[in-house]
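Novice: Given chain A, put chains B, C and D in place with the hints provided.
Quick note, the sequences are listed as chains A, B, C and D, same order.
In terms of my numbering, the first sequence opens at residue 939 and continues consecutively.
In terms of my numbering, the second sequence opens at residue 939 and continues consecutively.
In terms of my numbering, the third sequence opens at residue 939 and continues consecutively.
In terms of my numbering, the fourth sequence opens at residue 939 and continues consecutively.
Source of the hints: derived by calculation from the structure; they are not laboratory data.
The list cannot tell twin chains apart, which means a pair is met if one copy fits it or any two copies do.
Below, a list of computed lysine-lysine pairs in the DSBU-like style, where the Cα atoms sit at most 35 Å apart: (1) Lys1031 <-> Lys1044; (2) Lys978 <-> Lys1044; (3) Lys1031 <-> Lys978; (4) Lys1044 <-> Lys1029; (5) Lys978 <-> Lys1029.
There are 4 protein chains.
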Amino acid sequence: MMLAMEATALAVFMERDFPEVAADFVVERADEQGLCLRLKVASRHLRPGGTVSGPSIFALADVAFYLTILSRIGPVALAVTTNCAVDFLRKPKAGCDLLAEARLLKLGRRLAVGDVLVFSEGSSDPVARAGLTYSIPPDR
Amino acid sequence: MMLAMEATALAVFMERDFPEVAADFVVERADEQGLCLRLKVASRHLRPGGTVSGPSIFALADVAFYLTILSRIGPVALAVTTNCAVDFLRKPKAGCDLLAEARLLKLGRRLAVGDVLVFSEGSSDPVARAGLTYSIPPDR
Amino acid sequence: MMLAMEATALAVFMERDFPEVAADFVVERADEQGLCLRLKVASRHLRPGGTVSGPSIFALADVAFYLTILSRIGPVALAVTTNCAVDFLRKPKAGCDLLAEARLLKLGRRLAVGDVLVFSEGSSDPVARAGLTYSIPPDR
Amino acid sequence: MMLAMEATALAVFMERDFPEVAADFVVERADEQGLCLRLKVASRHLRPGGTVSGPSIFALADVAFYLTILSRIGPVALAVTTNCAVDFLRKPKAGCDLLAEARLLKLGRRLAVGDVLVFSEGSSDPVARAGLTYSIPPDR
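So here's chain A without its partners, still in its complex pose:
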């Protein structure tokens, strides 16, 4: 299988189309198995106590899966999240970046479905799990 976009192309796309978002993330890997995205944790992502906030984890999972879809179908900016279900499993480790491992379970003509595991860097116990569905515009 050939990817429609590799890690570098995904970073360029994000930088251009979602500049505010792009500053937070690094595509660590994009391949047939899926994609790994890093959240460069900064103070704006934290709750009092130093834990990464729920919305930041949500954003990480959502962007990771969006880029996974793009890696297969190319730069379709109009794909939109229709459902995202997050299980919060453990507190993220303080002072660590988060890594999201996304995989695609179905890429249909209209819907893409996948899931994401989120880890504190250096740990193998997941911080969160997310299931996501994206709607893909019909006229691509």
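Specialist: Chains B, C and D only, in chain A's frame:
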């Protein structure tokens, strides 16, 4: 039924314990039926194109349900989200605040479950629906 | 708003297209607000201990929302569930039928989204809550 | 890691405590990675057209994850499902058994969280994905 915390007490609590978060939200109503929370939409909540971002909608639903729980059991800062499933239904209207209507479906000793409908102000078609579960610390 | 199918028409459709399923359910009400479906609880729906099983509650919510869609768009047998998320809140009361209250939150061209509250007959505390998404065939 | 219950012990437990359910399922494997459960598809699991019904897939995922928990903590009959979110991805193949691959993402004192992929036997494209949360009784 008496509420453990009314709208004003909830605002004071949020201001003190979650100051960054508090700046975004206004408790419009807290009563037996549930709670209504306003997201004061600002540019930091927007995606390119002017739509409120998914993480901002997630945060609104999550805070709305958290405050609903507190309105019943008092200021338990340690209640944590264990699951949040969001259906994104429609684009929010540009230039409008969002209003979240939260209701409590179960308040157990260990888990609280509820759901939230999110509307663009002035519209009756929901922008998003979220189902949430919180874990409540045992020693309250 | 006119319904495309009233309660009687829905019952006839179910009887003809899903005869095994039809035996379990009664459409109690179909109107603009949504639909109420009864599960006629029988021994085949029970787990040891006399509680209605999870799969039976799932089926009730799924059929209730399916019929809600049909009440709006007519007998489209090919609409299929793409996502169903159920929160189990309380044990159903023994020896009681279950009632599902379904409402439609979005009826798009491709997706229908709604939710369902399930009650033991005569009780106002929900047994379960479900969020559902259906994919609607494009060529209707 | 030692399992609290191996595949044979799980089958014996199911046979004794859930005899009606036991007839439908075979534990194919239970190990550190998780558990594989087979649904022996019979006519009672089918919808018109010969596809395995949604409730049957729900039941398969739910039982697979329940047994996965038991494989770690032993025969705790009172663990109960609090949330199950299923994405239906593809039609199951006609005339095939279904296999569920369950894994445990978190085993806390009060909650267990995991997910399940369901396949038609002989196929590597998943039919469904489920995320599950169980509440574990405190006094074990």
